[in-house]
Structures are given as structure tokens and as C-alpha cells.
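Enquirer: Sequence:
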Amino acid sequence: MTMIKILGFATLAGLSSYTLAADFSFDRPGAGFGTGITPVGQLAWEQGLPSASYQESHENGQKIKQLTLNGDMLLRTGLAKNLELQLGWQGPAWTKTKVGGRSVEEDGLGDVSIGLKKAIDLDDEKLSMAILAEAILATGNDGFTNEDDIYSLSSAVAYDFNDLLATSITMRYEVQNSDWAVSAIPTLEYKIAGKLSGYSEFVFHKAESENNEYALGTGLVYAVNDRMQLDASIGIDLNGKDKGYQSGLGASFLF
1 MTMIKILGFA TLAGLSSYTL AADFSFDRPG AGFGTGITPV GQLAWEQGLP SASYQESHEN
61 GQKIKQLTLN GDMLLRTGLA KNLELQLGWQ GPAWTKTKVG GRSVEEDGLG DVSIGLKKAI
121 DLDDEKLSMA ILAEAILATG NDGFTNEDDI YSLSSAVAYD FNDLLATSIT MRYEVQNSDW
181 AVSAIPTLEY KIAGKLSGYS EFVFHKAESE NNEYALGTGL VYAVNDRMQL DASIGIDLNG
241 KDKGYQSGLG ASFLF
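Residue numbering for the sequence shown follows the numbering used here, starting at 1 and increasing by one per position.
It is possible that some hints are incorrect.
Claimed, not checked - Quick list of simulated restraints, FRET-style, between CB atoms: (1) Asn-82 / Asp-107: 10 to 20 angstroms; (2) Ser-57 / Leu-83: 40 to 50 angstroms; (3) Leu-43 / Leu-216: 29 to 39 angstroms; (4) Ser-200 / Leu-67: 23 to 33 angstroms; (5) Met-228 / Glu-147: 33 to 43 angstroms.
Bear in mind the hints are in silico, worked out from the structure with no lab data behind them. Note that beta-carbon positions come from the ideal geometry of N, C-alpha and C, so glycine has one too.
Required output: the full structure, derived from the provided sequences and hints.
Expert: Here it is in C-alpha cells:
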């Protein structure tokens with residue numbers, strides 16, 4: 001699976017801190033996930049507006065350029081004090097592929113996902129932890145699906161140095177059609193001014209029988225109020241001669 005696909009799905013479980021008070025935070029944007037849990041009886045809706053990826057590669061001496069847009073979304077609701085249910089959808093998608101001066105456009109629907117996230121009480125005001133069990137079901141149309149289901153178990157540990165700076169790391173272990181893969185995503189979050197904050201992250205991914213993959217990402221988060229945030233993010237793949245870029249705009253709401 002390419003880094004673009006990894007980041008695309010991972011965006012369904014992203015990372016952001018400086019949003020709502022107490023123990024809840026939206027999971028957009030980024031490639032990790034936060035340790036906050038949606039309150040019982042409330043619904044968090046996190047929507048891409050849209051997410052985009054661009055990739056250049058070479059095959060048989062020809063350059064292949066592909067642009068993809070998709071409206072990914074994630075719904076989260078609290079089942080108990082430290083447990084939430086997540087339902088995600090890669091959403092409607094559109095691609096434009098250009099090979100040797102010939103362009104082909106396609107559209108379709110992406111895969112869906114279901115997950116359970118549980119917060120782990122570490123009895124520490126600055127240190128928090130959560131685990132996420134997730135299944136990405138290959139229900140999308142041809143060209144917009146992972147083809148086989150992906151099952152994963154992830155953990156996130158976050159440490160708040162102070163009101164201005166926090167760090168975290170997400171570890172993700174997944175299996176697809178008996179092939180294993182692991183991802184590590186260290187992240188630094190920082191408050192910029194007022195309701196505006198930012199994050200920077202490094203993504204490492206190793207799939208069975210595949211080369212290591214690396215990516216860098218950064219973004220901005222604006223907390224409109226206690227129940228709404230806006231975000232913008234960009235990322236770049238660092239995988240040799242092939243070029244890969246990601247970007248996204250998003251809005252998140254708590255009902």
C-alpha cells in the first residue's frame with residue numbers, strides 16, 4: 001500500500017490538541033490520533049473539504065501523474081466514559097491520471113471503517129494514552145479501494161509540557177491479507193496565538209516485503225469555539241525518485 005493511501009486513511013484518525021477543553025479533542029488533522037474520548041451521548045463529525053493527493057511515478061519509461069480528491073469523513077460517539085465508537089468513510093473521490101500526454105478521469109466511492117477507541121487512565125495530569133482497534137472494509141469501487149480488508153491495532157501516548165507545547169507518538173500495527181505492516185508517527189503540537197495552533201509530524205511505515213516509506217506533515221488548526229474547529233494541512237512523501245504530496249482542508253463539529 002502506498003504512503004498516499006496510508007495518509008488518506010490515517011487522516012480519518014488524525015491528531016490535534018488545542019481544541020476543546022477537558023478530555024476531548026478532535027482527531028483531525030494529521031496521521032496519528034488523539035487520546036481524547038467523545039463524551040457519552042454526543043457526536044463528533046469530522047469532515048474533509050476535501051483531502052487531496054498528487055503523485056508522480058515512472059513506469060516503462062513513461063511518467064505517470066495522478067491527482068486524487070476525496071471527501072473523507074469520521075463520526076465519533078461516546079459509548080462510555082473512556083470508550084468511543086468510530087465510523088469512517090473515505091467518501092466520494094475523483095482522480096485524474098495523465099500518462100504520456102493522455103488523461104483519464106474517474107470517480108467512485110471509497111472504503112468504510114469501524115473502530116473502537118479506549119482511553120487508558122495513567123493517573124497523570126500531563127501524560128495520556130489511548131488505544132484504537134480498527135477495521136477498514138474494502139467496500140469501495142474499483143480504483144478507490146484497498147481491495148482487501150485491513151485490521152489494525154494502534155496506540156497513542158501524549159505528553160503536555162505546558163499550555164503551549166505538547167508531543168505525542170502513535171504506533172500502528174496492521175494486517176492485510178496475511179501481510180503485516182507497522183507505522184510510527186511522532187508529532188509535535190504547538191500553540192501559535194489565541195485560537196490558532198499548529199502541528200508537525202514524521203511518518204515512518206514499513207510493510208512486509210516492501211521498502212521503508214517516510215513522510216513529513218504539518219498543519220494549522222483554528223478553534224472557532226468549543227464545538228467547532230477548522231484545519232489545513234500539507235504533507236510530502238520522502239520515497240526516492242517518485243514524488244508524492246498531500247493536502248487537506250477540514251471542518252469538525254461536536255453535537
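Enquirer: Each hint should be assessed against the structure and marked as holding or not.
Expert: Here is how each hint holds up against the structure:
1. Taken as a hint, the range 10 to 20 angstroms is violated for the pair Asn-82 and Asp-107, whose Cβ atoms sit roughly 40 angstroms apart.
2. Distance hint check for Ser-57 and Leu-83: the Cβ-Cβ separation is about 41 angstroms, which falls inside the suggested range of 40 to 50 angstroms.
3. For Leu-43 paired with Leu-216, a C-beta distance near 32 angstroms keeps the hint of 29 to 39 angstroms intact.
4. Between Ser-200 and Leu-67 the Cβ separation comes to about 25 angstroms, which falls inside the hinted range of 23 to 33 angstroms.
5. Our hint of 33 to 43 angstroms for Met-228 and Glu-147 holds, since their Cβ atoms are close to 36 angstroms apart.
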